Every structure is written in C-alpha cells, then in structure tokens.
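Participant: Here is what each chain is made of, one letter per residue.
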Amino acid sequence: MLPIEVRDVSLVYDTPGGRVHAVEAASFGLAASEFLCIVGPSGCGKSTLLNIIAGFLTPTAGEIRIGGKAVTGRGMDRGVVFQDFAQLFPWRTALGNVEFGLEMKGVAKAERERTALAQLALVKLEKFAHSYPHHLSGGMQQRVAIARALAYNPAVLLMDEPFAALDAMTRDAMQRLLAEVWRETRKTVVYVTHNVAEAVYLADRVVVMTPHPGRVKCEIPITLARPRDPLSVEFLECQKELLRQLGGPGEEDH
Amino acid sequence: MSERTDRWRRIRRTTGTLLVVAALYEIVARSGYFPAVLLPTLPGVARTLFGLVTDGTMLWHAGYTLARVMIGFLLAVALGLPLGIWMARSRAVENFALPLASALMPIPSLAWVPVFILWFGLGDAVTVAIVFYAAMFPMLLNTWTGVRAVNPLWLRAAQAMGAKERALFWKVIIPGASPLIITGLRQAFVRSWIAVVGAEMLAASDWGLGWIIFDAKEFLNADVMLASLAVIGAIGYVFERLVFGSLERFTVLRWGMVRAVKA
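Residue numbers (the numbering used here), protein chains in the order written: chain A, 1 to 254; chain B, 255 to 517.
Since the hints were made in silico from the structure, they are not lab data.
Each hint should be verified, as a subset may be incorrect.
[What the hints assert, rightly or not] Under the rule of at most 16 angstroms between Cα atoms (straight-line distance), these lysine to aspartate or glutamate pairs were calculated in the EDC-like manner: (1) A:LYS105 with B:GLU419; (2) A:LYS69 with A:GLU5; (3) B:LYS418 with A:GLU103; (4) A:LYS240 with A:GLU219; (5) A:LYS105 with A:ASP77; (6) A:LYS127 with A:GLU113; (7) B:LYS425 with A:GLU103; (8) A:LYS217 with A:ASP8; (9) A:LYS124 with A:GLU180.
This one's a predicted model, so the numbers in the text were calculated from it and none came from an experiment.
Could you put together the complete structure from these sequences and hints?
Facilitator: Encoded structure:
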C-alpha cells in the first residue's frame with residue numbers, strides 16, 4: 001500500500017478561450033519516505049496537480065489515494081508549504097504559527113509549545129521562536145512554514161516551489177537544510193519546482209511534466225548518493241538528462 | 255534610546271504648533287480690536303475652565319457626553335462589526351445591506367435630529383441614536399472591506415491545517431481584517447464625537463458639552479464656550495492618540511501589517 005497514489009487524475013476547465021486541459025490522466029505513486037519532485041515548464045499543470053493532491057481543487061476525473069484510501073478535500077494527513085512568504089500569519093509569532101495545526105488538533109498548550117519548539121529547532125530557528133514573521137528574512141519565513149507544515153505530523157508533505165522567490169545563495173542553503181530535515185523526519189514529500197538542479201539535488205525520483213495538455217511525460221529516478229555534490233560529474237549528467245527530457249519532443253508527438 | 259528621542263521630538267513638534275497658534279490668538283485677543291467678551295484672553299479661558307473643572311460641572315458635562323458617545327458607539331460596533339463581516343462572507347447579505355448603506359451614509363447624521371426628536375422626544379435617546387447613526391457606517395464599511403482584503407493564502411494555509419469555520423473566523427479572518435477593523439473603530443469614534451456635540455446642541459437638556467456651548471451663547475459667555483471646546487478637543491485627542499493609537503501599536507503595527515511612518 002503506497003502512502004500516496006495519483007490515479008488517472010485530470011482537471012479540465014472552461015475558459016472564454018475554450019476548454020483547458022490543465023492536467024490530463026496523471027498517474028504516479030510514492031513509496032514511504034520517498035522524495036518526489038514534479039518538474040516542468042510553467043503552465044504544465046504541476047502546481048495544479050499539487051493543489052489537487054492537497055485537496056484545494058477537485059479533479060474532473062481520477063482520484064488521489066492516501067494510505068490506500070481515496071480522499072476528497074483537505075485533510076490533516078497532508079502538510080502544505082506554498083511559494084509565497086505571505087503564507088505565515090503576521091499576527092502570530094514564529095512559534096504561534098507552528099502551533100496552529102496542533103491547536104486545530106486540540107493539543108494542550110504545554111505540549112503544543114514543546115512540539116513547535118522542536119520543529120523550529122529542526123529548521124534551526126529556535127532562537128527566533130518569539131519573532132513575528134515581518135522581522136524574519138524570506139528564507140527564515142519559509143523555514144517557519146516548513147516547520148508549521150511538519151508540526152502536526154502529516155503523513156505527506158506537499159511543497160509548491162517553496163524556494164523559488166529566494167535569492168540563489170539562500171536557495172542553496174535552504175535546499176541543504178530541507179535535505180537534512182527530510183533525512184531526519186523521513187517524510188514522504190511531493191515537491192513541485194521548475195528548477196532542474198533543485199530537483200536533482202533533492203529528489204529520489206523526478207516526474208517530468210509537459211504543458212498543453214499537462215501530462216506526465218516520464219519519470220526519472222535519481223540514484224546519486226546523499227549528500228549530493230552539485231558540482232560532481234554525475235550530478236551534472238543527471239541534470240543534462242532531465243533537461244533533455246524537458247526540452248526534447250515527447251514520445252507521443254511525432 | 256532612539257525611540258525615546260523620537261518621542262520627545264514628536265511631543266515638541268506637536269506642542270510647538272499649538273504654542274504658535276495660541277500666541278497668535280493671544281496677540282489678536284489683546285490687541286483691543288474686538289470686545290473682550292467675544293474674544294477672551296487665554297488666561298481668562300483657562301481660569302474659567304479651572305473653575306468649571308474644580309466645581310465639578312465640566313466633569314459632569316463631559317461625563318454625560320462621553321456616556322452618550324460610548325453607548326451609541328458600542329451599539330454601532332456591536333451591529334456594524336458582525337454585519338460587515340457577514341456582508342463580506344455572503345453575497346445575499348451584501349446585496350441586501352450595501353444599497354441600504356450607500357443610500358443612508360451620505361445623509362449627515364445631524365439632519366436626522368429633528369426627525370429623531372419627533373420620534374423619541376428631547377433627551378438622551380436622540381443623542382445616542384445620532385451617535386449610533388454616525389458611527390455605524392464607518393464601522394460597517396471598513397469591516398466589510400477588511401474581511402474582503404484578508405489574504406486568501408492565510409485561509410488556504412489554515413484550512414490545510416484543519417481549521418474549520420469557527421477557527422477560521424476567530425483565528426484568521428478577525429486578525430487578518432484587523433488593520434481595517436481598527437481603522438473602522440477609529441473613524442467611527444471620531445464621527446461619533448463630532449456628531450454628539452451637534453446633537454446635544456439641538457436635543458439635549460441640562461447636561462453635555464454641546465449643550466453647555468449652546469447655553470453659554472445665551473449669556474454671551476465666550477470663555478465658557480472656548481473652555482468647552484478645549485475639553486472637546488482634549489478628550490477627542492486622548493481617544494485618538496492614546497486609546498486607538500495604543501490599540502494600533504499593540505496589534506497591527508507590532509505584526510507589521512501596517513507600517514509606522516519613519517521620522
């Protein structure tokens with residue numbers, strides 16, 4: 001039984017310009033503790049697919065199964081991290097933000113605080129527990145968002161280009177930190193990105209999507225040993241292969 | 255340290271402006287162009303004010319006015335805040351309430367005084383109703399806008415963490431709308447404070463800052479009038495700066511949802 005299964009998921013919507021096949025018959029599964037990246041150019045439906053998995057959008061066909069059960073709508077079995085820094089609640093401190101999910105679960109205050117502090121320590125922000133988001137840098141805010149999504153212990157972590165709005169140096173540091181967090185928590189992760197190097201650095205497996213309609217083109221396993229060296233020959237080979245898949249023609253259009 | 259020097263600079267600047275205006279007034283008052291009864295000197299006004307405060311009458315007048323404002327203002331908040339939220343959350347409520355608000359809002363609250371006097375008779379009911387009318391619309395419309403301006407990402411994030419309607423309302427929508435809710439409270443209070451004085455002039459009997467000014471006119475007591483105006487200004491200032499200013503500092507400014515202007 002796989003922790004997540006995406007089965008023949010399609011999303012079609014009508015616009016004044018005609019029908020748009022945002023996602024067409026996407027299927028893939030994730031093993032426990034697997035880190036899966038969905039990579040594709042903008043408009044390929046990768047974020048839409050993530051939003052379907054998160055339960056924010058209802059697919060027009062197909063189903064999402066989590067832990068073997070078909071799910072509809074949102075659930076605490078999934079934690080979500082968005083791209084926008086503004087996802088944090090500005091009226092809550094870093095600690096208050098991380099506690100939110102636990103509060104919704106009805107966890108008692110003392111335990112809530114203990115768990116939230118542990119999560120903040122995991123992303124190396126325990127010193128900033130009592131800071132408000134507007135006093136934190138973009139990278140720190142995204143780390144709080146990751147801690148917040150992990151705090152209530154969801155089975156799956158869904159991440160929608162969480163580091164895309166960061167500068168290159170901060171992004172590298174964030175990727176290293178996320179790889180560490182993942183190694184420690186052993187979460188199953190679905191991570192959407194358009195950044196090929198990021199996918200090769202983080203993923204066990206990469207799902208490549210192509211636009212119009214948004215389809216899964218192929219899956220590429222990344223078997224490089226961790227921690228990965230982005231300057232190694234093997235790393236660059238993987239990146240080239242992925243770029244070839246993204247840039248080259250799909251098998252279906254001859 | 256720098257916060258403290260900033261504060262002193264701000265206080266100096268405010269008092270500086272007031273002192274210049276007071277000095278100009280004093281020069282004109284002492285010039286002898288106008289009769290002293292109409293343009294009393296500031297020390298004269300201060301003496302009258304001191305007398306009215308120490309014998310307690312001014313405190314009673316201010317107390318009555320403040321009580322009327324508070325009752326009308328709180329009623330307006332009690333109705334305007336939930337209704338504004340409801341309007342922002344339900345299209346049907348918005349369709350019903352918005353045209354009504356748009357039609358009633360441009361009518362000056364004081365224009366209702368004669369009507370209210372017919373309905374309620376002279377007295378506190380009229381002044382409270384006028385305050386309520388004046389405070390209602392700023393509260394309603396700011397809340398309505400504030401709730402609509404809540405970042406959808408906060409709702410989405412909260413829902414992903416299992417927040418249901420109740421938690422969404424108290425823990426996301428209310429704090430998320432707080433910058434405009436506070437603006438609504440502020441504007442509502444200022445409008446109430448302006449409206450109450452006018453309403454008291456027309457509808458109150460025996461007590462109230464508006465009433466005392468109108469009454470003093472009969473006896474050509476310009477010093478009493480000016481003393482009362484000073485009290486009206488001072489109370490309004492205290493509420494605006496201390497009450498609502500602190501409310502803002504402890505909430506939306508601290509949260510970075512609105513920014514303080516840099517010196």
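Participant: Hint by hint, note whether the structure agrees.
Facilitator: Hint-by-hint comparison with the structure:
1. A:LYS105 with B:GLU419: Status holds; Cα separation ~14 angstroms.
2. A:LYS69 with A:GLU5: Roughly 9 angstroms separates the two Cα atoms, so the pair holds.
3. B:LYS418 with A:GLU103: 12 angstroms, holds
4. A:LYS240 with A:GLU219: Satisfied, since the Cα-Cα distance of roughly 15 angstroms is no more than 16 angstroms.
5. A:LYS105 with A:ASP77: The given pair, whose Cα atoms are some 12 angstroms apart, holds under the 16 angstroms limit.
6. A:LYS127 with A:GLU113: Distance of about 14 angstroms is within 16 angstroms: holds.
7. B:LYS425 with A:GLU103: Judged against 16 angstroms, a Cα distance of about 10 angstroms means the pair holds.
8. A:LYS217 with A:ASP8: Holds, at roughly 14 angstroms.
9. A:LYS124 with A:GLU180: 11 angstroms, holds
Violation of the numbered hints given earlier is absent; every hint is satisfied by the structure.
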